[in-house]
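There are 2 protein chains.
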Amino acid sequence: MARDGRGVTAQSEDFAAWYNELVVKAGLVDRGPAKGTMVIRPYGYRLWERLQAELDRRIKDTGHENAYFPLLIPESHLHREAEHVEGFSPELAVVTHAGGKELEEPLVVRPTSETIIGEMMAKWITSHRDLPLLLNQWANVVRWELRPRMFLRTTEFLWQEGHTAHADEADARRETMLALGIYQEVARDLAAIPVVAGEKTPGERFAGAVSTFTIEGMMRDGRALQAGTSHYLGVNFAKAFGIRYTGETGREEFCHTTSWGMTTRMIGAIAMTHGDDQGLVFPPRLAPYQVVVVPITRGGDTAVEEAAGDLARRLRAAGVRTHVDDRPQLSPGFKYHEWELRGVPVRLELGPRDLAAETAMLAKRLGDEGKQAVPLDSLPEVMPGILTEFQAFLLARATEFRDSHTVEAATWPDFADAVSTGWARALHCGTRACEEDIKSLTAAGPRCVPLDGEAAHGPCVRCGASSAYGKQVLFGRAY
Amino acid sequence: MARDGRGVTAQSEDFAAWYNELVVKAGLVDRGPAKGTMVIRPYGYRLWERLQAELDRRIKDTGHENAYFPLLIPESHLHREAEHVEGFSPELAVVTHAGGKELEEPLVVRPTSETIIGEMMAKWITSHRDLPLLLNQWANVVRWELRPRMFLRTTEFLWQEGHTAHADEADARRETMLALGIYQEVARDLAAIPVVAGEKTPGERFAGAVSTFTIEGMMRDGRALQAGTSHYLGVNFAKAFGIRYTGETGREEFCHTTSWGMTTRMIGAIAMTHGDDQGLVFPPRLAPYQVVVVPITRGGDTAVEEAAGDLARRLRAAGVRTHVDDRPQLSPGFKYHEWELRGVPVRLELGPRDLAAETAMLAKRLGDEGKQAVPLDSLPEVMPGILTEFQAFLLARATEFRDSHTVEAATWPDFADAVSTGWARALHCGTRACEEDIKSLTAAGPRCVPLDGEAAHGPCVRCGASSAYGKQVLFGRAY
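Read top to bottom, the protein sequences are chains A and B.
The first sequence lines up with residues 0 to 478 when you count with numbering that gives the first Met the number 0.
The second sequence lines up with residues 0 to 478 when you count with numbering that gives the first Met the number 0.
Treat the hints with care, since some could be wrong.
One copy or any two copies: either way a pair holds, since identical chains are not told apart in the list.
Stated by the list, open to error - Simulated crosslink set (EDC-like; lysine to aspartate or glutamate; CA at most 16 Å straight-line):
#1 Lys122 with Glu407
#2 Lys34 with Glu74
#3 Lys34 with Glu90
#4 Lys100 with Glu90
#5 Lys34 with Glu104
#6 Lys363 with Glu337
#7 Lys59 with Glu339
#8 Lys334 with Asp416
#9 Lys24 with Glu407
#10 Lys59 with Glu101
#11 Lys100 with Glu339
#12 Lys24 with Glu339
#13 Lys238 with Glu82
#14 Lys122 with Asp29
#15 Lys34 with Glu101
#16 Lys438 with Glu399
#17 Lys122 with Asp60
#18 Lys34 with Glu103
#19 Lys122 with Glu103
#20 Lys238 with Glu251
Rather than coming from a laboratory, the hints here were simulated on the basis of the structure.
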């Protein structure tokens, strides 16, 4: 493998190796001792905390309340919803012994919490006045992974899971789309990922859902990554757990429920949407550090060190997350490379000559402008604008990349060609057999039926039968 | 059992029943389906989020970084520190099957994370420049409980666990006391619990620690509750996991490590420190709602409803967490009782006559002042001061209660009498046999050797042998 000086395989050479090496090398994550587990290191966890704070605020602003439900679920609970248990059984971790004894009934480590929350909802809801019940939980979940990949597929991951109960289908479907809209906004406006929102085809639905909606991002290798899902569960879980309410007329009805989740997978999505051969590129709105200040001293140049500290304080006062890299044992060049690898949007270099000129050298993580000398005094004022521009630049670049790698495919050769490097929008018959046929030939599957797609009918791009869904389906290879 | 109109046993009659019923009735918590597990409901979770935000800020301000380590730990890891595994083995929940197969090595659901973090520290630390390594994790842990009690002893609970590595004992001991100081401050200044900080006697140490420090609060039944612990682990875990660094002179040394934790148990501590026959009493700095506004209308009195909403907005703008209880189907009297039960510090009643007089009736959750008419316009300005006073009142009341239930006991009868209703400070020989003797006779054990105790020597209050520790020991029955 060709590697640059940083010891990470070039993205252009081997995307998978680049990703696997980069997330570890950049200090985002490390492998845990148990198979498929990950340790989220402080630099990665800061990114998660930023995302969490932003997402949590939006969830609360739309009337949801946080709660916490148990990790361990009696195995029999999962069996109450037939499709649900069928979908999750192969991925379950099971506690059979506790307190030094074999348990009478094994406990499942939650892979998701519909069942245990359903059980509690049935207890809490009696009247139409208790509805809607809008809950959210921040938690860890465990799903056994045979081919783990840091952030993308790990045995344990962190997420939020919204769970809501409603009086009727219309209200529950409104909620499903509300959550999807929040995810789309968070992905686009914070992570700078121009996701496509759409509905999953029946074969790709969440186990137990009536409808599953998704946001799909395009990674820089052209593959799709599902970055958040929102499910309308109908009355499936309400029937399985007895979630009923008495309506205004006194009649007892089943609740319509929803669930929706976004996970630490987003960290991987950000790495694969914006990163390049030099390393990570973090969108300023989520970056742990938006600016790194590197003082250029030969040890003990207190004037430069003090000026760097002072600059950082003034940037922080202006709301800019700033880190000073004052490690004495490392050269400025080493630090530049390291912070490029770690994706900090803006670097400020400050040496004795800069200080004399009352400027700092500003280098952006991306863009062809090279370094610029900027007056020290102006930095706190201009930096927020520079970061906003950088954020917009990332979104525009990712949108351009996505659009230039998405093809409307009317013929099978066009389709096969499109999904070898990106996505295809095509008409499809909607049968599982044809989906499987396409997958075996191209490794691409239906990602979603995009919400913004226009009405379209005609022959299936693969088998020629009449198209389903009333519009085109988005196909791609996926993580 | 005598119950008041709210369906909760009186505190004065049966403290345990009062607590068990109240935390459920007040909507803080509910029982989970698996034995000993709890569901933290939104009202309880809001309190936890308040505590979490305050504690997290203090942890970060003192240089610690958050990270996340795996839930599942290979069983062999726990065996590497002999005392540690001996202490935790009886409480472990064990995953033996995953992904549809029996695992080659069982995985333990973390009861605490010293072992897995020790393993990672050994990987990350090589040089003295990597020290101190100051980490914190917010997580769930599982310890199998035979006699579960909501918040106090549950099979799963939430906590933060700090884990740090240092170059020498002095630095690690400084860290241990720093964490203890943060806990003492959070308990006192936020939860209004005047805890006693001290060192655990050897028999009460954390499994694997060299020294364990604790903060102990007195509940209103005179029992002690351990509300946070901080451990100096010496080089025990460093030796077990190989956490070594190369010093400035080039010599390889073992790190000295610490760990410290505070948990959702604090919610129970708050309930049992301040609650009374009427229900919970929340300290304003942690209360989910500091003020509840109850509009008194006979449905459709829009002037009153609007004024209530307007008042709430102005209180919120003044930084006061305010809730308007505008449920149409419930009487004002029902609401007053409910919010007393739920511990809201201040209630504002607003009816048509109040509105005409441009006042609201203000009722505090505790105190003998009765209701007062307060000009609506002045409320946003005066409320922060009222809440500050209420917070100080709770701390003063709890301090007075603690001090009036703590006795310096020089004789065995005085000692036995003291620990039947509260705490005793007494000289003790320090032997395990004598500790056990005291426990079997009085159900009281050594809570800690208070840090603020004065030097004292003499005969053991129980056996007459020479006292240990150089000062008095605090004894009490405990949760």
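We went through each hint and held it up to the structure:
1. Lys122 with Glu407: neither (50 Å within a copy, 49 Å between copies)
2. Lys34 with Glu74: The answer is between: 13 Å across copies meets 16 Å, while 23 Å in one copy does not.
3. Lys34 with Glu90: within (13 Å within a copy, 23 Å between copies)
4. Lys100 with Glu90: between (24 Å within a copy, 10 Å between copies)
5. Lys34 with Glu104: Cα proximity of Lys34 and Glu104: across copies only (11 Å, versus 25 Å in one copy).
6. Lys363 with Glu337: The answer is within: 14 Å in one copy meets 16 Å, while 57 Å across copies does not.
7. Lys59 with Glu339: This pair counts as neither: shortest intra-copy Cα distance 35 Å, inter-copy 25 Å.
8. Lys334 with Asp416: Cα proximity of Lys334 and Asp416: none, with 42 Å in one copy and 66 Å across.
9. Lys24 with Glu407: neither (38 Å within a copy, 59 Å between copies)
10. Lys59 with Glu101: Neither: 41 Å inside a chain and 41 Å across chains, both beyond 16 Å.
11. Lys100 with Glu339: neither (52 Å within a copy, 43 Å between copies)
12. Lys24 with Glu339: Cα proximity of Lys24 and Glu339: one copy only (12 Å, versus 54 Å across).
13. Lys238 with Glu82: within (13 Å within a copy, 49 Å between copies)
14. Lys122 with Asp29: between (41 Å within a copy, 10 Å between copies)
15. Lys34 with Glu101: between (24 Å within a copy, 14 Å between copies)
16. Lys438 with Glu399: For Lys438 and Glu399, the Cα distance exceeds 16 Å both inside one copy (26 Å) and across copies (73 Å).
17. Lys122 with Asp60: neither (26 Å within a copy, 42 Å between copies)
18. Lys34 with Glu103: between (27 Å within a copy, 11 Å between copies)
19. Lys122 with Glu103: neither (24 Å within a copy, 40 Å between copies)
20. Lys238 with Glu251: For Lys238 and Glu251, only the intra-copy Cα distance (12 Å) is at most 16 Å; the inter-copy one is 63 Å.
In summary, the numbered hints that this structure violates are 1, 7, 8, 9, 10, 11, 16, 17 and 19.
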